[in-house]
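There are 2 protein chains.
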Amino acid sequence: MNIQKTMLQAIEEELQRQVARLNQPRTSRFYEMLTYHMGWTGEGAGSEATGKRIRPLLVLLTTAACNVNENLDSDTSTSPYWLRAVGGAAAVELVHNFSLVHDDIQDNSDKRRGRHTVWVKWGAPMAINAGDALFVIANQAITGLIEHYPADVVVKAATILNDTCLDLTRGQFLDMSYEERNDLNIEDYWPMVSGKTSALLSACTHIGAVLGNADEAGQEAYRLFGYHLGLAFQVQDDILGIWGNEAITGKSAASDLVEGKNSLPILYALGKHGKFAQRWNQGPITADEVKTVAAQLEAEGGRSYAGEVSEKETQKALAYLEKANPHGVAGETMLELANMLLKRNQ
Amino acid sequence: MNIQKTMLQAIEEELQRQVARLNQPRTSRFYEMLTYHMGWTGEGAGSEATGKRIRPLLVLLTTAACNVNENLDSDTSTSPYWLRAVGGAAAVELVHNFSLVHDDIQDNSDKRRGRHTVWVKWGAPMAINAGDALFVIANQAITGLIEHYPADVVVKAATILNDTCLDLTRGQFLDMSYEERNDLNIEDYWPMVSGKTSALLSACTHIGAVLGNADEAGQEAYRLFGYHLGLAFQVQDDILGIWGNEAITGKSAASDLVEGKNSLPILYALGKHGKFAQRWNQGPITADEVKTVAAQLEAEGGRSYAGEVSEKETQKALAYLEKANPHGVAGETMLELANMLLKRNQ
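So the protein lines, in turn, are chains A and B.
So the first sequence is numbered by our numbering: it starts at 7 and just counts up by one.
So the second sequence is numbered by our numbering: it starts at 7 and just counts up by one.
In isolation and in its complexed conformation, chain A is listed as follows (with noise of 0.2 Å):
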């Protein structure tokens, strides 16, 4: 088995794990909410509905690619070196997940991953609660690190996580308070992705690289790998959003135009009070307009603007990514991670 598929598996029984602290007789409905939401039970549960595990399996590539001694790890006698970092890996999908449900109360959201959303099927109180308790569990799973860690390791990666969590509801907060303004321009881009894309992805690179025991130098090389990765993908995510296959074609009304989203290529494009921003300003775009508007876009540079943008953070991440030097099967399977995210051949 590789390396990717034995780090998958121990992520997802860690995370059944976490998660079973709700599996209790009174609270089995509760409990139910929460194994739905991570994709093992309910309508279509399976690889589909729990989505890459890219996050977790980001901790833990790091963590073992910290290890200079692979040898470490040939000793099938002993576990691998990066197992015991597993409860930082499920810490940060218990994360992203409390903010997917969150997320999708406050989007009015009726599906995700094809599936119905935690608030339609239980109603939005119950399904702010569920949130709250994915969120208490990523802290309960942070913490637990105790089991393998010395104290201060745990509060490093605590500590990471928090901030974290605080750059998350920033950007939250940026996101829904944008849906009200109509004099949005690229400067406003930054601030809002940092929080909701990148804040995380470098948490999960930061604290890989803690529980990895890298010095100073290498844990913020991490860091920055992660943050850069992160950005590029945000960017990368948005010109498929619509330029991508589905976005333009069949599956129009899953275009970023029709869903009004602030996205790079449109911030850019507001900015520059054009054609695109009058039709922009002048309310929803609909699924049949998708192709034109999409179009006058790109005429207007938004689609080139944001592939250069996304080039030069994919750049600084590989940069970044070559500074913090990682070892071993670990290094390489990250770098492929890398690639695969950002849509690049190597």
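Hints are computed from structural coordinates only; laboratory data are not their basis.
Fair warning: there could be bad hints in the mix.
In this list, chains with the same sequence are indistinguishable; a pair is considered to hold if it fits within one copy or across any two.
Stated by the list, open to error - With a Cα cut of at most 27 Å, we get these calculated DSS-like pairs of lysine-lysine:
hint	residue 1	residue 2
1	Lys349	Lys297
2	Lys202	Lys127
3	Lys329	Lys318
4	Lys11	Lys349
Using the hints, position chain B against chain A.
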């Protein structure tokens, strides 16, 4: 200045310092939501709006009461012994307030302490996020204790807080799920109220004892003091919610009978399947009916039963407090606070 006033001032300053993490140009409206909820800004700001800060006070009194050598505090050149625990005190108050913000959305309550609730002023999506932020800041306050405590003490305090928060979500789940049931009885009361009230009060005295460097037996005695104090207080509150002056007189709409609250006297009588249960199961009780229904409930033993339970829990609480053997002025003040909470004359 007496110790209680000094502590309350330190608590308020620490809370403001913690919440100021969001005091940044782009998030000033977000920051405003939190300062409004905490009672510092906006309509009706002031001591009426902040609440009594009983929970953080209990943390600091416990820490101070663990200090065998009270003379340390009489040296005015140094900070008082309890001051380094103020981050832990702020953390429990922030958890309490996070749960209030989410509660108000879940219960559709438009007023809290006579002021509009956060979701009424800024909408539910923003209020969910504001509650999340208060919770994050609570976690930051507890890990921030690393400035004054060894890492293992910080991890212990954070673990207690996290476990408590999971109890809170369990209690909240039960409370909400009871609304759909009509087969409730006294057995259903304890699991709900343990999570909703006692868990946090027991966390206050437990964390206070950990931060006061009490030994294991001392920590356990303080924890159980807080736990039974919480139960006794809740049952007292349940009694006042039906037979208190406010509930029975002019403001009858404030009666738990009208609000349909699953409080102890009510669950007791529901299990008796008498006239009260019959009326209760027929639908909402109006303000006009309050006096009659309260009298019926009293006749069926709901009031005397709750009174006995409250007295029993009070005795347990006081026995554990005696066992904990709190020292000095802080110890005396803690006993006064407990008696005040339990509406007892000493």
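So, going through the hints one by one against the coordinates:
Taking the shortest Cα distances, Lys349 and Lys297 sit within 27 Å of each other inside one copy (23 Å), while across copies they are farther apart (70 Å). In this homomeric assembly, Lys202 and Lys127 come within 27 Å of each other (Cα to Cα) both inside a single copy, at 26 Å, and across copies, at 24 Å. For the homomeric pair Lys329 and Lys318, the shortest alpha-carbon distance inside one copy (17 Å) is at most 27 Å, but the shortest distance between copies (65 Å) is not. In this assembly of identical chains, Lys11 and Lys349 lie within 27 Å of each other by CA distance solely inside one copy; the values are 20 Å within and 60 Å between copies.
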